[in-house]
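Visitor: Listed below are the residues making up each chain.
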Amino acid sequence: MFNSKKTMIAGLVALAAGATLTGCNETAPKASAAEASDVSRIAYLDPAIHGDKFGTREEKRNNPDHPYSSEVAGETGSDQCRTPSGFTEVWDSAEKHMNSAHSTYGYGQPISESAITGDWRLSALGDGTNLPPEGVGDTIARGEELFQMYCAACHGEFAEGNGHYLPLAGGPTDMTDNGGPMPVKTISNYWPYAISWFDYARRAMPFFQPNHPDIGDAGYLAITGWVAYTGGYTTIDGQEIDEDTFFDSKLLVKLNEEVKAKNNVNYFCDPRPEVHNVRCGLNGDKCPDAVVGNGKGEIKFKEALINPVTGLPQYNTNQRP
Amino acid sequence: MTDQNIEHKVAQQTPESATQTRRAFLKGGVAVAGGVMFSQAASAGYDPKAAVAGYEGQKEITDPLARPVERNKLGYGVRTYPYGMPSKYEDHVQRRTLDWLTPDTYASITMSPLHQLHGIITPNGLHFERYHGGMPEIDPKEHKLVIHGLVERPLVFTMEDLKKFPAVSRIHFIECPANGAMEWKGVQVDSVQWTHGMMSCSEWTGVKLSTLLKEAGVDPKASWVIPEGSDASAMSRSIPMEIAMDDTIVAWAQNGEALRNEQGYPIRLVPPGCEGNMWVKHLRRLYVTNEPLQHREETSKYSELYGDGSAVRFSWVNECNSVITYPSPDFKMDGPGRYVVKGIAYSGRGKIKNVDITMDGGRTYHEATLTSHVLDKAWTRFEYEFDWDGSELFLQSRATDETGYTQPQAPQLREKRGTNPVYHRNAMVTWRVHAWNSDRAGVIDNVQF
Chain A
25 MFNSKKTMIA GLVALAAGAT LTGCNETAPK ASAAEASDVS RIAYLDPAIH
75 GDKFGTREEK RNNPDHPYSS EVAGETGSDQ CRTPSGFTEV WDSAEKHMNS
125 AHSTYGYGQP ISESAITGDW RLSALGDGTN LPPEGVGDTI ARGEELFQMY
175 CAACHGEFAE GNGHYLPLAG GPTDMTDNGG PMPVKTISNY WPYAISWFDY
225 ARRAMPFFQP NHPDIGDAGY LAITGWVAYT GGYTTIDGQE IDEDTFFDSK
275 LLVKLNEEVK AKNNVNYFCD PRPEVHNVRC GLNGDKCPDA VVGNGKGEIK
325 FKEALINPVT GLPQYNTNQR P
Chain B
636 MTDQNIEHKV AQQTPESATQ TRRAFLKGGV AVAGGVMFSQ AASAGYDPKA
686 AVAGYEGQKE ITDPLARPVE RNKLGYGVRT YPYGMPSKYE DHVQRRTLDW
736 LTPDTYASIT MSPLHQLHGI ITPNGLHFER YHGGMPEIDP KEHKLVIHGL
786 VERPLVFTME DLKKFPAVSR IHFIECPANG AMEWKGVQVD SVQWTHGMMS
836 CSEWTGVKLS TLLKEAGVDP KASWVIPEGS DASAMSRSIP MEIAMDDTIV
886 AWAQNGEALR NEQGYPIRLV PPGCEGNMWV KHLRRLYVTN EPLQHREETS
936 KYSELYGDGS AVRFSWVNEC NSVITYPSPD FKMDGPGRYV VKGIAYSGRG
986 KIKNVDITMD GGRTYHEATL TSHVLDKAWT RFEYEFDWDG SELFLQSRAT
1036 DETGYTQPQA PQLREKRGTN PVYHRNAMVT WRVHAWNSDR AGVIDNVQF
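Residue numbers (the numbering used here), protein chains in the order written: chain A, 25 to 345; chain B, 636 to 1084.
Hints in this document: simulated from the structure, not taken from any laboratory. Here the structure is a predicted model, which means the values were calculated and not measured. All C-beta atoms in this analysis are idealised placements derived from N, C-alpha and C, irrespective of residue type, glycine included. Just to be clear, a hint being listed does not mean it is correct.
[Unchecked claim] Label pairs and their calculated CB-CB ranges: (1) B:S1073 <-> A:N331: 23 to 29 Å; (2) A:L306 <-> B:D965: 25 to 31 Å; (3) B:R895 <-> A:V160: 36 to 42 Å; (4) B:D965 <-> A:P237: 45 to 51 Å; (5) B:E892 <-> A:P237: 34 to 40 Å; (6) B:P771 <-> A:P237: 16 to 22 Å; (7) A:A314 <-> B:D1022: 15 to 21 Å; (8) B:Q729 <-> A:K120: 52 to 58 Å; (9) A:G203 <-> B:R895: 56 to 62 Å; (10) B:Q693 <-> A:D309: 46 to 52 Å; (11) B:E1050 <-> A:K120: 35 to 41 Å.
[Said to hold, decoys possible] List time: in silico DSS-like cross-link candidates among lysine-lysine, alpha-carbon distance up to 25 Å: (12) A:K286 <-> B:K1051; (13) B:K1051 <-> A:K320; (14) B:K708 <-> B:K723; (15) B:K708 <-> B:K684; (16) B:K798 <-> A:K326; (17) B:K684 <-> A:K286; (18) B:K776 <-> B:K799; (19) B:K936 <-> A:K278; (20) B:K708 <-> A:K120; (21) A:K286 <-> A:K274; (22) A:K310 <-> B:K977; (23) B:K967 <-> B:K977; (24) A:K120 <-> B:K799; (25) A:K324 <-> B:K798; (26) B:K967 <-> A:K324; (27) B:K708 <-> B:K694; (28) B:K967 <-> A:K326; (29) A:K120 <-> B:K856; (30) B:K779 <-> B:K798; (31) A:K284 <-> B:K798; (32) A:K310 <-> A:K326; (33) B:K1051 <-> A:K310.
Full structure from sequences and hints, please.
Guide: Next comes the structure, spelled out in structure tokens:
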């Protein structure tokens, strides 16, 4: 089953050769400093497979064979991340489970796919699977109306958020760390997919009665259209959007491409472990400055303080709008 | 050296062996059942007079001890509490929340009181909670689990059906990846309950997910399983097939009893080592697909925004981490003397191998003793004894797991990721112990390098 995931197998084999780390059995605490420091035999930490030594993030993104590339060409063309080699290898082998025989217990009851509908089939996938049929939808104007009725009380009239109730549109375009508060994250600047925005709104919102029958699939699509429109998506696939635009799953799939082009390109797969420390400082050894105190060997530190204005802990500030 | 330390501890902790040893010692070393310990104690030069030297000069109680009040009457009878509760004197041990963290109590979190817990099992009533749409109370007779998608034969199971399957019981920690999230920009909170309490460790019992998937004839080419909960948020995630087919469990029990509501009654997913959000509660559906859902909880949330403005998603594993629970900011040192540092270490990648303690902010370390079972992806207890001379300390614990990965310092993570990732902050925390001769003598603060 894993032949599309050669890297994982390679990692598995490399590890199996060097270590016996499988199973969940209890062991007596063993402290062998020699063993612990011999990290090179562990494929998981092999810098050739892991970590920043393997090239820039840009290179990782553009090389589908890289274990941390976020594009792994699948049949649907949707973005996937591989299970990092080494993530499962210290556990029971997944492959072993897959390949061992199974004879039916027969405890369940067969069910037809067609019986799994409605609230049992909320998962809208990137390729359009499980989206409402084309033609089910409503105008952007209706989306705004519904938003004001069902959503604005918490998320704000302009989807700008309200205290801890999250903003749903807008936010900074510069998402880098400027030392100040964290940027707000919305469909405008962060969500990688419009389809999963629709998926979430329908399955979980409005908070007090999710998948609300009075909103319905058509209403959730219209709300998605309006929030995206408010959040700056004013043309979709070259088509100008306005209040009268009819928003259905056909347009949602196109919006999805716009959102992907804007935000999804910023996503990468898990690059950890990123820090490769050794167990320094034991038995008279002294750790290097880089891992002492502030990273320069100095004991300089910050303390927990209460913000005199808000009376709250100092870093609990509103997110950057 | 670790093994020796452990035996030394056992010798200290077993009262019978202590008596035996003492008696044997007095008899002049006649071999008894506790002979091994005795000879160790003897070779370590055990001297009863020296052993009590620390009490020299302390005020001695001379008033006769009073009769304890509970001896004056009968206690209560059996089945006064058909489901037992902790002693009323333990009512200060509670999970707690920080109001300023979340919008309301329905999309919120509580933390376990780590500084008041013992061993590696979290009592079910003190297990941290994380809700995304309030807590449903589900009738198990009505509950169903559906498996469908890329399977030969979609199936539906009742709770009764599920419990007939072969089951496993495994001890694993669960940690919300937002544990420590408030502290990327600096310290905010002064208790280990706030810095690390979004985690707990339990024995989980249930059927392996691989058994259920194969029972439905999972397509060997399928690559994702999408679990979905029956709570108001219909919580959902995408689990890669490797993890689903590995040690993931569909659990109905926690520490010997049915799951608590707060932990997903009647069933939850248990993907060991993975971030808590993937342990979908109130599990009602397993959807087998060839692509991930890219759900809100794996894109907008539970993804890490790095300093350079890019984001990391599908960061499933909780990396190796540890924390000192005593001494910690909920306590105060009471003068120079002997202290036993105690704490918890864990890794989502396997077993804990070593824990080291530093008192000088990371220049030099001392190896701690692992004092509990050492299990895969489970809490592991550690201790380290030292004599405090009253000087200022910067106490940290540093765990290493069996993959050889050693826990980083906070500046190292900030350098790699900036201060906006929110999730997966496994940096060492620093407890500053104020010098005994300072105006805050013995007070313990959370600080950050």
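Visitor: Next step is simple, just say for each hint if it's right about the structure.
Guide: Hints and how they fare:
1. B:S1073 <-> A:N331: 23 to 29 Å: 26 Å, holds
2. A:L306 <-> B:D965: 25 to 31 Å: Taking Cβ atoms as reference, L306 (chain A) and D965 (chain B) lie about 29 Å apart, which means the hint holds.
3. B:R895 <-> A:V160: 36 to 42 Å: This hint holds: roughly 40 Å between Cβ atoms.
4. B:D965 <-> A:P237: 45 to 51 Å: 49 Å, holds
5. B:E892 <-> A:P237: 34 to 40 Å: With a Cβ separation near 37 Å, E892 (chain B) and P237 (chain A) satisfy 34 to 40 Å, so the hint holds.
6. B:P771 <-> A:P237: 16 to 22 Å: Given a distance of about 19 Å, which is inside 16 to 22 Å, the answer is holds.
7. A:A314 <-> B:D1022: 15 to 21 Å: Given about 30 Å between the Cβ atoms, the range is violated.
8. B:Q729 <-> A:K120: 52 to 58 Å: 43 Å, violated
9. A:G203 <-> B:R895: 56 to 62 Å: 42 Å, violated
10. B:Q693 <-> A:D309: 46 to 52 Å: About 39 Å separates the Cβ atoms of Q693 (chain B) and D309 (chain A), which means 46 to 52 Å is violated.
11. B:E1050 <-> A:K120: 35 to 41 Å: 39 Å, holds
12. A:K286 <-> B:K1051: Distance of about 24 Å is within 25 Å: holds.
13. B:K1051 <-> A:K320: Holds: K1051 (chain B) and K320 (chain A) sit about 16 Å apart, inside 25 Å.
14. B:K708 <-> B:K723: 18 Å, holds
15. B:K708 <-> B:K684: Outside the cut-off at roughly 41 Å; violated.
16. B:K798 <-> A:K326: Violated, at about 52 Å.
17. B:K684 <-> A:K286: Violated, because 76 Å separates the two Cα atoms, which is more than 25 Å.
18. B:K776 <-> B:K799: 15 Å, holds
19. B:K936 <-> A:K278: Given that 25 Å is the threshold and the Cα spacing comes to 23 Å, the pair holds.
20. B:K708 <-> A:K120: 62 Å, violated
21. A:K286 <-> A:K274: 19 Å, holds
22. A:K310 <-> B:K977: 23 Å, holds
23. B:K967 <-> B:K977: 14 Å, holds
24. A:K120 <-> B:K799: With a Cα-Cα distance of about 23 Å, the restraint between K120 (chain A) and K799 (chain B) holds, given a limit of 25 Å.
25. A:K324 <-> B:K798: 55 Å, violated
26. B:K967 <-> A:K324: Judged against 25 Å, a Cα distance of about 22 Å means the pair holds.
27. B:K708 <-> B:K694: 33 Å, violated
28. B:K967 <-> A:K326: Cα-Cα ~20 Å, so holds.
29. A:K120 <-> B:K856: Roughly 15 Å between the alpha carbons, so the hint for K120 (chain A) and K856 (chain B) holds.
30. B:K779 <-> B:K798: 13 Å, holds
31. A:K284 <-> B:K798: 43 Å, violated
32. A:K310 <-> A:K326: This hinted pair holds, its Cα atoms lying about 24 Å apart.
33. B:K1051 <-> A:K310: Given pair K1051 (chain B), K310 (chain A) holds - Cα atoms ~24 Å apart, limit 25 Å.
Going through the hint list in order, the structure does not satisfy hints 7, 8, 9, 10, 15, 16, 17, 20, 25, 27 and 31.
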